[in-house]
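Build the full structure now, drawing on both the sequences and the hints.
Residue numbers for the sequence shown follow our numbering, so the first one is 1 and each next one is one higher.
For the record, the hints were derived by calculation from the structure and aren't laboratory data. In this text, a Cβ means the ideal position worked out from N, Cα and C, and glycines have one as well.
Simulated restraints, written as ranges between beta carbons of each label pair:
1) 49 / 71: 28 to 34 Å
2) 112 / 44: 24 to 30 Å
3) 45 / 79: 30 to 36 Å
4) 35 / 127: 46 to 52 Å
5) 44 / 22: 33 to 39 Å
6) 128 / 46: 38 to 44 Å
7) 26 / 70: 24 to 30 Å
8) 126 / 98: 41 to 47 Å
9) 95 / 13: 34 to 40 Å
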Amino acid sequence: MRSPLFLFLLRENRYEKRYLLLIYASLIAFLSLRSSSGLQDWGDIPNLDKLQHFMAYSCFSLLAAVSVRHWWQRGVAALAILLFSGGIELAQAYVGRESSWFDLLANLSGIILGLLTYKLYCVYRSRNVKSIYSND
Numbered sequence: 001m002r003s004p005l006f007l008f009l010l011r012e013n014r015y016e017k018r019y020l021l022l023i024y025a026s027l028i029a030f031l032s033l034r035s036s037s038g039l040q041d042w043g044d045i046p047n048l049d050k051l052q053h054f055m056a057y058s059c060f061s062l063l064a065a066v067s068v069r070h071w072w073q074r075g076v077a078a079l080a081i082l083l084f085s086g087g088i089e090l091a092q093a094y095v096g097r098e099s100s101w102f103d104l105l106a107n108l109s110g111i112i113l114g115l116l117t118y119k120l121y122c123v124y125r126s127r128n129v130k131s132i133y134s135n136d
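Right, here's the structure in full:
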């Protein structure tokens with residue numbers, strides 16, 4: 001059985017997905033710019049914050065990829081997400097957080113993974129559709 005979120009992402013209404021994308025971007029901005037004093041201590045896991053950046057931005061770009069219709073729009077969305085990420089990193093210096101180029105690199109890696117995941121989904125889906133309708 002598929003989850004309700006998965007079914008929502010497969011629907012054709014892209015405007016609803018764009019609202020979800022805006023909410024997700026706001027959540028990332030809030031979590032990235034809030035005071036670090038309230039963050040949970042996750043123990044001594046090295047580079048855990050980079051993994052969190054990677055995962056958050058891969059979901060961000062995957063959500064952006066399903067929110068637009070054409071691949072050139074996905075490229076523009078990926079660039080916009082990268083610029084958003086850079087702006088967040090610069091703004092962190094003004095709210096008492098530490099900005100890092102490695103965070104930006106982790107974000108870029110996540111953006112690329114999100115786009116590749118969507119591309120693989122499109123390839124798999126088109127092969128699956130061809131096999132359903134083939135006369136072999």
